[in-house]
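Line by line, the protein sequences are chains S and B.
Each step along the first sequence adds one to the number in this note's numbering, with nothing skipped, and position 100 is 100.
Just add 327 to the spot in the second sequence (first one is 1) and you have this note's numbering.
Read the hints as simulated data drawn from the structure, not as lab findings.
Keep in mind that this is a model prediction, so the values were computed, not measured.
Taking beta-carbon pairs under 7 Å as the criterion, some of the chain B residues facing chain S (in silico):
(1) 564
(2) 565
(3) 578
(4) 584
(5) 606
(6) 608
(7) 609
(8) 610
(9) 621
(10) 623
(11) 624
(12) 625
Below, in silico cross-link-like pairs of lysine-lysine (DSS-like), each with a Cα-Cα straight-line distance of 25 Å or less:
(13) B:562 / S:75
(14) B:453 / B:439
(15) S:111 / B:559
(16) B:561 / S:75
(17) S:117 / B:561
A virtual CB, placed ideally from N, CA and C, is assigned to each residue, including glycine.
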Amino acid sequence: MRELIQKLVETYGPSGAEEQIRDVIRADVEPLADEIRVDPLGSLVVRKQGGEGKRIALAAHMDEIGVMATYVDEKGFARLTRIGGVRSLTCVGARVAFADGTIGVIGVEEKREDLTKLPTFEQLYLDVGATSRDDCPIQVGDPAVFVRPFVAQGGRLISKAMDDRIGCVVLIETLRRLKSTPHDLYFVFSVQEEVGLRGARTSAYGIDPDMAIAVDVTGTGDKPESRPMAVSLGKGPAVKVKDSGMIAHPAVRDLMVQRAKEADIPYQLEILERGSTDAAAMQLVRAGVPAGCLSIPTRYLHTPSEMVDEEDVENSVKLLLEILRKE
Amino acid sequence: MILRQLSDAFGVSGNEDDVRAVVLDAIRDHVDEIKVDALGNVLAFKRGTGRQRLRVMLDAHMDEVGLMVVGYDADGRGFLKVRSVGGIDPRLLPGTLLQVGPERIPGVIGIKPIHLFEEKDKRVLKLEELVLDIGAKDKDEAKELAPPGTYATFATRFRELGPTVTGKAFDDRAGCAVMVELLQGERFRFDLHAAFTVQEEVGLRGARVAAYAIEPDCAFAFEGTIADDIPKDKKDVSPTTELGKGPAITLMDRSFIADRRLVKLLTDTATELDIPYQFKQPGVGGTDAGAIHQTREGVPSVTVSVPCRYIHSPVALLSLDDFNHTVRLMRESLLRLTRRTLQ
Chain S
1 MRELIQKLVE TYGPSGAEEQ IRDVIRADVE PLADEIRVDP LGSLVVRKQG GEGKRIALAA
61 HMDEIGVMAT YVDEKGFARL TRIGGVRSLT CVGARVAFAD GTIGVIGVEE KREDLTKLPT
121 FEQLYLDVGA TSRDDCPIQV GDPAVFVRPF VAQGGRLISK AMDDRIGCVV LIETLRRLKS
181 TPHDLYFVFS VQEEVGLRGA RTSAYGIDPD MAIAVDVTGT GDKPESRPMA VSLGKGPAVK
241 VKDSGMIAHP AVRDLMVQRA KEADIPYQLE ILERGSTDAA AMQLVRAGVP AGCLSIPTRY
301 LHTPSEMVDE EDVENSVKLL LEILRKE
Chain B
328 MILRQLSDAF GVSGNEDDVR AVVLDAIRDH VDEIKVDALG NVLAFKRGTG RQRLRVMLDA
388 HMDEVGLMVV GYDADGRGFL KVRSVGGIDP RLLPGTLLQV GPERIPGVIG IKPIHLFEEK
448 DKRVLKLEEL VLDIGAKDKD EAKELAPPGT YATFATRFRE LGPTVTGKAF DDRAGCAVMV
508 ELLQGERFRF DLHAAFTVQE EVGLRGARVA AYAIEPDCAF AFEGTIADDI PKDKKDVSPT
568 TELGKGPAIT LMDRSFIADR RLVKLLTDTA TELDIPYQFK QPGVGGTDAG AIHQTREGVP
628 SVTVSVPCRY IHSPVALLSL DDFNHTVRLM RESLLRLTRR TLQ
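Please put together the full structure from these sequences, using the hints given.
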């Protein structure tokens, strides 16, 4: 599974430009699919037809946060805007990569009023080593992602795009190991989650499911001086109770807990105060869908070094398999 | 030109009747079906020549920002208390002429004259502190002329300055005018569904239901968008759009990320025909495309705008060259649009 994780987290895919990551995922899942399609906004929908049970949508988002060039000046420097929740704190000195592999370095204006304050996004710029507007290899509207190599150290895995490629890995691995299911399953690798849960909303409309589960990352409260949160790395997948965008349907939540108990899989209950997932969007399509979320505890979310525990990932796959195997 | 009638029409969000009448007159003879839906959107259908099985939605919103009467001054002297409908900068209101209600009663938002200026007046008055004066002698008369809920808009008339024109509500009557011009032209190969929508300025509300009804395969929203190319104290590293540089194509704003295939169609067409275009600075603003692309199973969408200086103010200014280039870019792009564009 480690090779799969490394492959997915190192593939380019900012919100709105998911073609590359979609192609990589597609190659892995196509042999396992009964049906596969790319829907109008670009999400990859993989059907695994088991039986006449429930129609279940499972969503993990392919897109990652990043930056977009907004202006190229006469000296070849670009200005930036955010794609998703990017903070200037993590940008200064960072490297980003464009779709064609062009690397840019993020600099910050030195003539600022108060150098002790965090720069605003408008004070950042991108240097791709160009000398003029004409020889600048990027243009307005080009999106880029952060660059950081994947690291596996001890039982911990570190990458700039665990959110939510690790969810994609859990879905792919589940699909690989799933021998049979009484249900009609739709694995959705969704687009544009980081800019407003946009892909899952429309994909879920198309699927019209009886139940929906998002597989996404969540924060932890186990770091020095963390905000209080009863989720830790290494203590198992988190069953979402509530976040700022949804309250998990109690039946879905209870089902997850029950299956974890039956199979003796460690789990934690999660209440996330800030942030939400595709489940929040899927819950509200059409006449409403009972929805829940299986979360992978992750430290340093939305920084270039998101850290997960390998056991948690393995247990997430196990738990999802337990949920899908039975009636 | 149609932009004159559209700009002069009265149409604050939720009260688009005047604009709708202008639109209906302008397109009636050029489309196959017209429907006004439950929220007040005009949905026009122009049949294709039948060679492309594709449903294409065009969108422009009819409504403009404005004010609504919500009460009267506490002393009963006939002044109107107002609130904004959509985003209005209160710095622009003192000294502004308005037209109030269906009878278009003239009104003015006044402040005390400079002769009485004191240090404490050196600040922007909030909308809550301002009153709209229609010359009513007391509260009863004010209430009769402008009952609560009465709309008001800027009393600006459309003018041609030469290569540029000025008027109110270019956001989004410029987009409506582009769409009228497209509908008045020849048929396309695919079925065209044009939505002149309501209530964009208060939350993209009309477009949401219009797109649900139309169920398009792809959508183009037309806007009059921000051109903030006026001189600034700090060097501008990122003007939103600039006047005279052609239609502005949105790549990403707060409401949506444009479909790359549709953007490519537009830029390829512009390059082929040597039509100028610019990209709107990514990140800012939001348009009906934000609601449309989230409809049903999702709709690949893009927004194309005529750059307008001073939108959401009493008077906006646009370049007729930009306007004409927008119409031409759209017409030519739609002629090149096929199912394959979306594959």
